[in-house]
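Asker: Chain by chain, the residues:
Number of protein chains: 4
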Amino acid sequence: MDAHAFSDELKRHHLVPLWDVNATLLPKQPKSRMVPYLWRWDAMLPLLKHSGEVVPLSRGAERRVLGFVNPGFPERFGATHTLWGAYQYLLPREVAPAHRHSPGAIRFIVEGNGAFTTVEGDKLIMSRGDLVLTPPWTWHDHGNESDEPMIWFDGLDLPLVNEMEATFYEAFPKDAQPIARPVGDSERRYGLGQLRPTWQRSVGSFSPLLNYKWAATEQALRRLATVDASPHDDVAMEYINPHTGGPLMPTLACFIQLVRAGVRTQAHRHTGSAVYLVFEGRGSSVIDGERFDWRRGDVFVVPSWTWHEHASGDGSEAILFSVHDTPVLQALGLYREQPYTEHGGHQPVERVFSS
Amino acid sequence: MDAHAFSDELKRHHLVPLWDVNATLLPKQPKSRMVPYLWRWDAMLPLLKHSGEVVPLSRGAERRVLGFVNPGFPERFGATHTLWGAYQYLLPREVAPAHRHSPGAIRFIVEGNGAFTTVEGDKLIMSRGDLVLTPPWTWHDHGNESDEPMIWFDGLDLPLVNEMEATFYEAFPKDAQPIARPVGDSERRYGLGQLRPTWQRSVGSFSPLLNYKWAATEQALRRLATVDASPHDDVAMEYINPHTGGPLMPTLACFIQLVRAGVRTQAHRHTGSAVYLVFEGRGSSVIDGERFDWRRGDVFVVPSWTWHEHASGDGSEAILFSVHDTPVLQALGLYREQPYTEHGGHQPVERVFSS
Amino acid sequence: MDAHAFSDELKRHHLVPLWDVNATLLPKQPKSRMVPYLWRWDAMLPLLKHSGEVVPLSRGAERRVLGFVNPGFPERFGATHTLWGAYQYLLPREVAPAHRHSPGAIRFIVEGNGAFTTVEGDKLIMSRGDLVLTPPWTWHDHGNESDEPMIWFDGLDLPLVNEMEATFYEAFPKDAQPIARPVGDSERRYGLGQLRPTWQRSVGSFSPLLNYKWAATEQALRRLATVDASPHDDVAMEYINPHTGGPLMPTLACFIQLVRAGVRTQAHRHTGSAVYLVFEGRGSSVIDGERFDWRRGDVFVVPSWTWHEHASGDGSEAILFSVHDTPVLQALGLYREQPYTEHGGHQPVERVFSS
Amino acid sequence: MDAHAFSDELKRHHLVPLWDVNATLLPKQPKSRMVPYLWRWDAMLPLLKHSGEVVPLSRGAERRVLGFVNPGFPERFGATHTLWGAYQYLLPREVAPAHRHSPGAIRFIVEGNGAFTTVEGDKLIMSRGDLVLTPPWTWHDHGNESDEPMIWFDGLDLPLVNEMEATFYEAFPKDAQPIARPVGDSERRYGLGQLRPTWQRSVGSFSPLLNYKWAATEQALRRLATVDASPHDDVAMEYINPHTGGPLMPTLACFIQLVRAGVRTQAHRHTGSAVYLVFEGRGSSVIDGERFDWRRGDVFVVPSWTWHEHASGDGSEAILFSVHDTPVLQALGLYREQPYTEHGGHQPVERVFSS
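One line per chain: the protein sequences are A, B, C and D, in this order.
Per my numbering, the very first residue in the first sequence carries number 2; after that it's consecutive.
Per my numbering, the very first residue in the second sequence carries number 2; after that it's consecutive.
Per my numbering, the very first residue in the third sequence carries number 2; after that it's consecutive.
Per my numbering, the very first residue in the fourth sequence carries number 2; after that it's consecutive.
These are computed hints drawn from the structure, not numbers from a lab.
One thing to keep in mind: the hints can contain errors.
One copy or two, it doesn't matter: identical chains are merged, so the pair holds either way.
Stated by the list, open to error - Cut-off 20 Å, straight-line C-alpha distance, at most; resulting in silico cross-link-like pairs (DMTMM-like, lysine to aspartate or glutamate): (1) LYS32 <-> GLU164; (2) LYS50 <-> ASP9; (3) LYS32 <-> GLU76; (4) LYS12 <-> ASP299; (5) LYS29 <-> GLU171.
Whole structure, please, built from the sequences with the hints as guidance.
Answerer: What follows is the structure in structure tokens.
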């Protein structure tokens with residue numbers, strides 16, 4: 002049997018010789034299939050508005066959502082290999098009908114006030130800057146009782162759960178589920194994380210607090226800013242499950258991050274990917290040597306094991322919200338981190354992003 | 002060898018025949034050596050003031066503290082078998098010198114504003130209703146920078162730690178330790194439990210938040226009151242370590258409890274003991290059939306496995322602060338609880354406490 | 002802007018409208034890209050032997066390994082979407098040179114006695130039925146000091162770790178690492194899981210025991226067979242980390258399973274996939290209605306969310322070894338299981354596998 | 002009010018001034034109320050035999066047990082402040098009737114073969130060297146089906162549980178509970194700690210394995226002796242719960258310890274106490290400068306925070322079994338340890354124990 006025949010014979014038996022694919026399967030370090038990328042608010046807003054005109058919500062189109070598709074690997078339908086990111090648009094009086102799914106979701110409100118998400122009978126009022134959770138396999142529907150369109154950022158672990166072949170979906174029999182509890186029930190029970198009802202400790206895998214209101218988030222950020230900061234993220238806080246100290250969900254962590262005026266962070270890289278949303282201000286990030294200039298409403302992604310650093314611009318502070326798959330890497334023992342040590346921790350800018 | 006001689010022989014060899022002490026060592030249920038008891042604010046305040054006149058603080062008398070001694074078992078020097086409770090009195094300009102010990106302590110401020118406790122270089126400002134922690138083996142000193150005397154409640158696991166033969170003590174070389182951080186550092190980092198610095202997760206055995214300010218505590222209590230309550234404790238919250246969801250220390254849990262106007266809770270009993278402080282209002286508790294009428298500043302104790310229930314009085318609400326040894330019972334697998342089911346959950350009052 | 006133009010505009014901006022891909026991204030239940038499949042020992046053995054003749058081990062070809070490639074999704078280079086399975090062949094006197102990688106591996110010995118694997122200086126002797134671990138990022142090399150070729154089964158989380166973009170690889174400077182400890186050090190310390198050195202508790206994420214010898218495994222299996230069995234797996238045991246009770250690695254669980262003579266298990270399905278190796282005996286499995294007849298040395302796979310059941314054949318018992326990705330699903334909150342309740346728990350056989 | 006009147010007034014109100022008791026309540030380091038002590042087998046055996054003649058077992062005298070009473074604090078009825086130790090004596094054909102209690106117990110068999118303990122319907126056969134568990138609140142009775150008296154060592158957390166005011170006791174309606182499972186059920190399921198039934202993971206607070214047979218214990222000890230040892234305990238292993246890696250019970254840890262021929266360990270001290278049983282050989286221990294010479298069957302205690310070291314004697318090895326309250330200290334954050342560094346780690350012998 003010559004080499005060619007041997008190779009054919011292996012293929013016929015659905016076997017692969019490791020020595021042929023060794024370098025591909027075991028690279029010295031990860032090379033993401035994803036690319037750093039930025040989506041501009043100015044480009045997306047007209048498209049969202051147009052979709053509001055042409056796409057009515059229905060059981061066939063349950064959500065009016067534009068998902069960010071990473072150009073490096075568009076078949077995955079994700080902003081990164083594990084994370085779905087999107088903008089959702091809900092018109093006054095509309096209802097996005099109730100359903101549930103095994104992927105978990107977070108919503109971060111960007112425009113408008115007065116819409117709501119109902120999660121398992123708990124009606125959560127959504128205002129700019131609020132972070133709302135719809136944990137895995139919980140019934141949820143959205144409604145807009147205000148007179149203005151609402152826009153929020155959706156973050157899901159959908160690409161990961163699909164990849165893990167573990168996605169389940171179910172539609173609720175009616176468009177809106179009944180409101181079974183006082184409005185904002187979870188906030189009233191758990192809204193100050195340092196105290197909890199003596200008779201209630203959530204032992205589930207996700208946070209019992211379903212709405213992290215902006216006022217408290219900002220207060221926490223401002224207080225921390227007076228005492229400490231990270232060299233890589235400046236004043237950055239993780240939203241936590243106060244009954245465990247861990248991330249909001251086993252697959253997702255959320256950060257809020259104040260880059261103070263004049264600050265440029267030092268670069269580092271780590272396994273795991275992230276989607277960033279510019280909540281306030283403007284500035285820039287350098288990702289693997291490419292500079293991305295961003296302003297309010299823009300969204301950008303940092304793929305796994307890429308160098309990245311952030312800077313506020315125009316002499317003002319900036320606030321970034323972000324979603325990370327870090328808990329997955331940590332749970333599986335795959336988290337690894339490395340600081341960038343050359344050039345005082347700052348990458349040389351080799352390219353400037355333009356779309 | 003007759004029975005008498007045998008018994009002598011056993012004693013001589015430091016042996017005890019189990020059949021002689023079986024019933025004592027293995028009772029059907031616990032019978033606490035402690036008794037329910039109440040200390041009156043009106044009786045204690047003059048004594049505290051007098052001690053302020055006659056006892057100067059010094060290295061020989063590091064704290065001006067009057068400890069509650071349970072009349073059932075005074076040798077233990079505890080309010081219960083595991084818990085030390087006391088009132089501490091600090092005059093304007095005084096300093097209670099720095100030391101550390103393996104027993105952990107909490108302070109709940111009853112009178113005054115503007116004193117401070119420094120814990121490992123973090124200066125904590127103390128105002129009425131604040132809960133301040135001095136965790137095990139942390140350097141701490143107290144000072145009063147205001148013009149009025151301060152009074153606070155001290156809760157410690159001292160009787161337990163002594164009983165476990167694990168007490169260590171050390172004096173700091175100077176009266177006051179240096180202030181090494183911005184004032185209120187822990188509040189600024191961890192003061193809203195649902196967020197934490199991304200780079201910092203306390204993995205120690207006690208809460209990283211050292212000062213639970215009254216404003217937030219009250220807000221949490223008022224919010225919870227709008228949605229839920231416990232049949233045995235009414236609107237009760239546990240102060241938690243938001244990085245674990247667990248108690249403040251492995252040996253101590255603290256509760257704040259709103260007994261709404263007109264509420265009388267149902268009785269239950271459990272292993273573990275508690276010291277209660279009346280923070281606001283008046284009311285009464287029935288403990289093993291004895292009624293204790295209480296008002297602001299009074300302190301009372303509930304021994305292990307005694308029936309107890311609480312009621313607010315005069316048509317107004319009351320607020321109770323309490324310290325519990327429950328975490329010990331739970332960690333050792335010894336926690337057990339039983340509701341009182343007769344008479345609609347209320348004990349017949351057989352005696353009324355008077356001291 | 003008509004529908005076509007809108008669609009083009011979205012694509013140009015790397016956005017996807019969720020309403021177009023909803024059904025694909027959120028299926029009612031998982032549909033694995035993988036297919037059930039079986040690889041025959043009789044077909045593989047000649048190919049392994051041939052590879053022994055034509056492929057010398059070297060730094061370019063560090064392992065003589067034939068990997069099972071699932072025909073349903075061959076681009077993934079895995080037996081399932083998360084698991085690499087393979088047969089490895091090592092000739093007398095050969096050394097498979099030392100390296101380390103972030104994916105973790107297990108070896109289950111199928112043919113031969115007297116080879117070894119060295120893991121971080123601990124030389125592990127490999128005999129038929131032994132389970133040997135080379136945990137993530139540990140230096141390991143293999144050698145064959147016997148006069149016969151060795152064949153073992155390799156199980157790795159490689160497809161998962163690659164998919165998570167977290168693969169790191171490093172070659173050791175020399176072919177064989179130094180033996181730094183007494184031979185079988187981990188077995189001597191931890192080989193009976195119910196006792197451990199008082200001064201040593203492994204707090205790492207993988208088992209401190211690196212070699213699970215067949216004699217003990219079989220003894221455990223035989224003992225359990227006298228008292229209990231699972232309806233779905235018959236007499237099945239998980240190899241555990243005795244210092245945590247958890248799986249061998251965060252990404253991998255290993256089972257050993259005795260299907261007693263005459264037993265046919267009831268079907269069930271669950272998220273997560275598995276690779277089975279027939280260690281002893283013969284029998285058959287039905288997977289999603291297709292019957293796979295197997296005998297010693299055969300390997301077959303069960304994809305995520307497929308119905309499966311096992312039966313021993315010929316009136317004799319069978320022993321199956323298997324590798325599972327279950328810990329991943331459980332850590333991420335994605336594990337779900339369902340028993341097959343029709344037809345007395347047995348699937349109708351609609352096809353019989355032939356390759 | 003003069004000092005005397007003030008003091009009286011405080012007493013009358015059940016208050017203690019901390020400045021009076023400061024030094025007592027907060028010593029610089031623990032001073033155990035217990036003393037090191039040794040009970041001789043030669044003295045106890047005749048007393049056990051005599052009790053066999055004069056004390057028939059009955060519901061009034063459910064166990065024929067001689068408890069070790071520490072002379073330092075006899076009122077506690079413990080070998081140490083937290084641990085009950087005793088010898089139990091059971092004649093041929095006798096039954097020690099079934100009961101349960103919240104304190105947990107271990108039995109280590111010293112003389113005889115062929116008695117049994119039934120725990121929750123699981124009949125455990127007891128032979129010399131076996132360690133048998135009767136966890137908290139489990140029904141248990143003992144019987145002797147052999148022709149010889151049985152003697153075993155009892156270790157309980159009884160003084161601790163009593164001190165914690167958490168002791169519950171209940172008698173079983175009949176003398177012997179029914180045997181509900183195959184004999185030795187727990188050994189068959191969990192007897193090799195590195196494997197467990199796939200469908201069964203004990204999440205309780207005590208070990209699911211109820212009988213640690215001597216053959217496996219000795220094998221583990223001999224294997225470990227070939228590779229490692231502790232400076233303070235020589236070849237020492239902890240019996241663990243293989244489903245958690247933790248101690249047998251939350252309140253008790255058990256060690257088996259081989260002091261090799263010619264070995265004298267280095268002294269250290271730690272919070273927490275221990276009861277030692279000499280299983281094989283002879284030797285001596287130095288505890289706070291007092292030498293205790295021991296031989297087979299002797300029992301001795303090491304109080305909290307006392308220096309201790311062990312040596313085998315007569316040029317032969319010795320084997321010690323011991324019970325510790327260490328898990329309590331660790332759970333409560335009170336464990337502290339210190340090596341003795343003077344004189345090459347060995348204490349000067351200032352006294353020799355004689356009873």
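Asker: Would you mind marking each hint as holding or not holding in the structure?
Answerer: These are the hints, each one checked on the structure:
1. Taking the closest pair of Cα atoms, LYS32 and GLU164 come within 20 Å of each other both inside a single copy (18 Å) and across two copies (11 Å).
2. Within a single copy, LYS50 and ASP9 get their C-alpha atoms only as close as 55 Å, which misses the 20 Å cut-off; across copies the closest is 16 Å, which meets it.
3. In this assembly of identical chains, LYS32 and GLU76 lie within 20 Å of each other by CA distance both inside one copy and across copies; the values are 17 Å within and 17 Å between.
4. In this homomeric assembly, LYS12 and ASP299 come within 20 Å of each other (Cα to Cα) only across copies, at 17 Å, whereas the closest approach inside a single copy is 47 Å.
5. Proximity of LYS29 and GLU171 under a CA criterion of 20 Å is satisfied inter-copy only: 6 Å between copies versus 42 Å inside one chain copy.
No hint from the list above goes unmet by this structure.
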